[in-house]
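Visitor: Construct the complete structure from the given sequences, taking the supplied hints into account.
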Amino acid sequence: MAGAVRNCLGAMVALLLLAAGCGGFYAPLGENPARLEVAAQGRIDQEQINRAVFEQVGPMQDQPTLWHWLGLPTWQVEAYMLGDAAAIWPLKPLGGLAKPQVGMDAQGVASFAVPSGANRYRITFSCVVTHYWDEGGTWQEPVYVYLRQKEMNLNPAPGQVLRISPFDSEKGK
Numbered sequence: 003m004a005g006a007v008r009n010c011l012g013a014m015v016a017l018l019l020l021a022a023g024c025g026g027f028y029a030p031l032g033e034n035p036a037r038l039e040v041a042a043q044g045r046i047d048q049e050q051i052n053r054a055v056f057e058q059v060g061p062m063q064d065q066p067t068l069w070h071w072l073g074l075p076t077w078q079v080e081a082y083m084l085g086d087a088a089a090i091w092p093l094k095p096l097g098g099l100a101k102p103q104v105g106m107d108a109q110g111v112a113s114f115a116v117p118s119g120a121n122r123y124r125i126t127f128s129c130v131v132t133h134y135w136d137e138g139g140t141w142q143e144p145v146y147v148y149l150r151q152k153e154m155n156l157n158p159a160p161g162q163v164l165r166i167s168p169f170d171s172e173k174g175k
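For the sequence shown, the residue numbers in the numbering used here are 3 to 175.
Among the hints, erroneous ones may be present.
Cut-off 25 Å, straight-line C-alpha distance, at most; resulting in silico cross-link-like pairs (DMTMM-like, lysine to aspartate or glutamate) [stated by the list, open to error]:
no.: 1; residue 1: Lys101; residue 2: Glu80
no.: 2; residue 1: Lys94; residue 2: Glu153
no.: 3; residue 1: Lys152; residue 2: Asp170
no.: 4; residue 1: Lys152; residue 2: Asp107
no.: 5; residue 1: Lys101; residue 2: Asp170
no.: 6; residue 1: Lys94; residue 2: Asp107
no.: 7; residue 1: Lys152; residue 2: Asp86
no.: 8; residue 1: Lys94; residue 2: Glu80
no.: 9; residue 1: Lys101; residue 2: Glu137
no.: 10; residue 1: Lys152; residue 2: Glu80
no.: 11; residue 1: Lys94; residue 2: Asp170
no.: 12; residue 1: Lys94; residue 2: Glu33
no.: 13; residue 1: Lys101; residue 2: Glu153
no.: 14; residue 1: Lys94; residue 2: Asp47
no.: 15; residue 1: Lys94; residue 2: Glu39
no.: 16; residue 1: Lys152; residue 2: Asp47
no.: 17; residue 1: Lys101; residue 2: Glu143
no.: 18; residue 1: Lys152; residue 2: Glu39
Here are the computed distance ranges between Cβ atoms for each label pair [stated by the list, open to error]:
no.: 19; residue 1: Glu49; residue 2: Thr140; range: 42 to 50 Å
no.: 20; residue 1: Arg165; residue 2: Pro61; range: 42 to 50 Å
no.: 21; residue 1: Asp107; residue 2: Leu164; range: 19 to 27 Å
no.: 22; residue 1: Glu137; residue 2: Leu164; range: 28 to 36 Å
no.: 23; residue 1: Lys152; residue 2: Leu72; range: 23 to 31 Å
no.: 24; residue 1: Lys152; residue 2: Gly32; range: 21 to 29 Å
no.: 25; residue 1: Gly138; residue 2: Gln58; range: 20 to 28 Å
no.: 26; residue 1: Asn34; residue 2: Met106; range: 39 to 47 Å
no.: 27; residue 1: Asp107; residue 2: Asp136; range: 28 to 36 Å
no.: 28; residue 1: Asn155; residue 2: Asn52; range: 33 to 41 Å
What the hints contain is simulated information worked out from the structure, not anything from laboratory work. Glycine included, each C-beta is placed from N, C-alpha and C at the ideal position.
Guide: In structure tokens form, the structure reads like this:
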């Protein structure tokens, strides 16, 4: 009985740390990490937002409640290390576009800590508007207006700053 209580308490502490952002569940960096810098730029307009909302949410007049609104367009680059057995580890963000940026366009560099050596990565660049509605409480869902994703093999040396521009061929799309 005491063992079960201890296991339950341990699980609760781990969950609380994760919820507080203290979990640190990022890709393991090893002793000599490198830095990955991802250049990205994108632009959207109101027509693209309207089309994405219509396709992903539907016509607003058909919604069950009248209280609907959209958040501001938010851009972000996210990066993941892909492992064996479908393991996916988020890379630790260090700044730039790795942190959300609000606006109709975004241009910059996202920085991440990565382990040195050969690994497979997934890089995502997106712009999301959040659809909110009030139905006995405030609900929300993301609406992707712009989404680009690339997978690639990279092999950074220990301490190297590796700069990539995986979405350059898609400028203007």
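Visitor: Work down the list of hints and note, for each, if the structure agrees.
Guide: Right, here's what the structure says about each hint:
Only pairs whose Cα atoms come within 25 Å are accepted, and Lys101 paired with Glu80 is accepted, the gap being roughly 9 Å. Between Lys94 and Glu153 the alpha-carbon distance is near 17 Å, which keeps this suggested pair within the 25 Å criterion. Among the hinted pairs, Lys152 with Asp170 is consistent with the structure: their alpha-carbon atoms are about 11 Å apart, no more than 25 Å. Proximity of Lys152 to Asp107 is assessed by CA-CA distance (about 20 Å); at most 25 Å being required, the pair is judged to hold.
Restraint check for Lys101 and Asp170: satisfied, since their Cα atoms lie roughly 20 Å apart, inside the 25 Å limit. For the hint linking Lys94 to Asp107, the alpha-carbon distance of about 24 Å falls within 25 Å, and the restraint holds. Between Lys152 and Asp86 the CA atoms are separated by roughly 18 Å; this keeps the pair inside 25 Å, and the hint holds. Between the alpha carbons of Lys94 and Glu80 the distance comes to roughly 9 Å, so the proposed pair stays at or under 25 Å and holds.
For a cut-off of 25 Å, the pair hint linking Lys101 to Glu137 is broken: about 30 Å separates their Cα positions. A distance of roughly 11 Å separates the Cα atoms of Lys152 and Glu80; the hinted pair therefore holds under the 25 Å criterion. For the hint pairing Lys94 with Asp170, the CA-to-CA distance comes to about 23 Å; that is within 25 Å, so the pair holds. About 15 Å separates the Cα atoms of Lys94 and Glu33, which keeps this hinted pair within 25 Å; it holds.
Restraint check: the Cα-Cα separation between Lys101 and Glu153 comes to about 20 Å, which is no more than 25 Å; the hinted pair holds. Our distance criterion of 25 Å between C-alpha atoms is broken by Lys94 and Asp47, whose separation comes to about 30 Å. A hinted pair counts as satisfied when its Cα atoms are at most 25 Å apart, and Lys94 with Glu39 qualifies at roughly 12 Å. For the hint pairing Lys152 with Asp47, the CA-to-CA distance comes to about 23 Å; that is within 25 Å, so the pair holds.
Between the alpha carbons of Lys101 and Glu143 the distance comes to roughly 19 Å, so the proposed pair stays at or under 25 Å and holds. Proximity of Lys152 to Glu39 is assessed by CA-CA distance (about 14 Å); at most 25 Å being required, the pair is judged to hold. Checked against the given bound of 42 to 50 Å, the beta carbons of Glu49 and Thr140, roughly 27 Å apart, lie outside it. Between Arg165 and Pro61 the Cβ separation comes to about 44 Å, which falls inside the hinted range of 42 to 50 Å.
At about 25 Å, the CB distance of Asp107 to Leu164 agrees with the hint of 19 to 27 Å. Against the hinted window of 28 to 36 Å, the Cβ-Cβ separation of Glu137 and Leu164 comes to about 46 Å, which falls outside the hint. Taken as a hint, the range 23 to 31 Å holds for the pair Lys152 and Leu72, whose Cβ atoms sit roughly 28 Å apart. The hinted range of 21 to 29 Å is satisfied by Lys152 and Gly32, whose Cβ atoms lie roughly 24 Å apart.
In this structure the hint that Gly138 and Gln58 lie 20 to 28 Å apart at CB holds, the actual value being about 23 Å. Checked against the given bound of 39 to 47 Å, the beta carbons of Asn34 and Met106, roughly 40 Å apart, stay inside it. Evaluation of the 28 to 36 Å hint for Asp107 and Asp136 yields a pass: the beta carbon distance comes to about 30 Å. Against the hinted window of 33 to 41 Å, the Cβ-Cβ separation of Asn155 and Asn52 comes to about 38 Å, which satisfies the hint.
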